[in-house]
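Chemist: Please model the complete structure; the sequences and the hints are all you need to start from.
The listed protein sequences derive, respectively, from chains H and V. Under the numbering used here, think of the first position of the first sequence as 1, with each following residue one higher. Under the numbering used here, think of the first position of the second sequence as 1001, with each following residue one higher.
Among the hints, a few may not be true.
[Stated by the list, open to error] If we take Cβ atoms under 10 Å as the criterion, some of the chain V residues that face chain H in the derived model are: (1) Glu1017; (2) Asp1023; (3) Val1036; (4) Ala1038.
[What the hints assert, rightly or not] The following label-pair restraints were derived from C-beta to C-beta distances: (5) Pro1032(V) / Asp160(H): 34 to 44 Å; (6) Thr1053(V) / Phe84(H): 29 to 39 Å; (7) Gly1072(V) / Arg72(H): 30 to 40 Å.
Rather than coming from a laboratory, the hints here were simulated on the basis of the structure. Glycine is no exception: its CB is placed at the ideal position from the N, C-alpha and C atoms.
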Amino acid sequence: MEAEDIKRATWRMAHEIIERNHGLEGVVLVGLQTGGVWLAADIASALNAIEGVEPPLGTLDVAFHRDDIGLRPLLPEAPTKIPFNLDGQAVVIVDDVLYTGRTIRAALDALNSYGRPRTVQLAVMVDRGHRELPIRPDFVGKNLPTRRDEMVDAHRDGIDLGEIVK
Amino acid sequence: MKHLLSINDLGAEGIDEVCRLADHFTEVSQRPIPKVPALRGKTVAMLFYEDSTRTRLSFEVAARRLSADVMGFSVSASSVNKGESVRDTVATVSAMGPDAIVVRHRSAGVPQQTAAWTHASVINAGDGWHEHPTQALLDCYTIRDRLGSVAGRRIVIVGDIKHSRVARSCVMAFTALGAKVTLVAPPTLLPPEVGSWPVDISFSLDAVLSDCDVVYGLRVQKERQSEALLPSLREYTAQWGLTVARAARLHPDALVMHPGPVNRGVEIAPEVLDQPNATLNEQVRHGVAVRMAVLYLLLAADPDLRPEGAGT
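Modeler: Structure representation (structure tokens):
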């Protein structure tokens, strides 16, 4: 995928979010640190361009909620900012790559600390498969079958595939 | 890092890491539900041989906000009163399998000893006149929060330096981060080894007041009055107290700090404590986030504690 493809996928996901929620009433975006933050910002500005409303935008680092604390050193990488109450809102979690689903599980757990959303949806640029938990995305930029030993990196300029160097 | 016994265990880099992590825990503390599951299943034991309000409560709140379990221990209601030695008490507590033991004792070196007697991580919560590392960390965090950084700041520590573990830890932490520290005290309340510390020394608060970013007042330990190191508390206040008149000569942005508990009107005038540049309550609030950071670093995030190749 090239930069233009990423942009088109972002706009399509924005349209799908509006369609699913019948507008943007009560819709808030939460980008996961660090990979999901740029995509959440881009989706937010696409939503603004389409509907004329910019939804509230937050960021979340899930380090303290992960299930592999103690198995490896886990330090948060970037700030969490959710300066709004999530009670009764439709929260769209945004991340760059969906893989095992464990990050999303941690994010769902973290969101509980900020209130009780009416619904939680998931938008990702790349779904690479290999889920280890019963989690599925609602909005997908691209489905990309991968091997477990591959590395997938999604950013504004495109998607990189690489081998994990061991 | 397995234990936090001294500020020297951390160094400048470690202090910075604690402060950066404390930023995240400050955010956690502001959530509608201020609790994360990070240390679920871990147990933190409190071993306080000396009175404490804020340090003990702060460690307990910190552990609970990380979802750790807390084992309380108060000397007055324990077998210590039946003559049990520190070593046996530590062995007993250790046998119940805590992941960390927070120790306060009136004698210097007890936390180091404790570390040799247990598999748990040991955190020094104050030992005699020696050290009180988490107090120094929360003070660094408070200065960083208010003034942007500790490096290059001129910090005046005034009071009973000799009997103060807070002063020792703060001097190490502040100077490690690149602050310029001046100690102000009556000559009787300076420790004999102070000449080897990387600090300036003055006997007059008035001489250094107008030219500093932080005034850090230490508690006058009234229990030490019998040693006749001070003529009287009034004499102390007249010479070394931060009175209203002295506070007026401070730079408007200069901070007034104190580790608590404060003797109102002795070290610092009550009016000065109520000014917006007095940070006493902030220090307490930051103490929780900083102690969460310390517990998390020791029990969850230390690469040295991880088995090889664990996790993905």
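Chemist: For each hint, tell me whether it holds in the structure or not.
Modeler: Tested hints:
1. For glutamate 1017(V), the interface hint holds, the least distance from its beta-carbon to any beta-carbon of chain H being 8 Å, beneath 10 Å.
2. Restraint check, aspartate 1023(V) versus chain H: the minimum CB separation of about 7 Å is within 10 Å; hint holds.
3. Restraint check, valine 1036(V) versus chain H: the minimum CB separation of about 4 Å is within 10 Å; hint holds.
4. Among the interface hints, the one on alanine 1038(V) holds; its C-beta lies about 4 Å from the nearest C-beta in chain H, closer than the 10 Å criterion.
5. Between proline 1032(V) and aspartate 160(H) the beta carbons are some 38 Å apart, a value that agrees with the proposed interval 34 to 44 Å.
6. For threonine 1053(V) and phenylalanine 84(H), the hinted distance range of 29 to 39 Å is satisfied, since their beta carbons lie about 36 Å from each other.
7. The hint said 30 to 40 Å for the Cβ distance between glycine 1072(V) and arginine 72(H), and at roughly 31 Å that hint holds.
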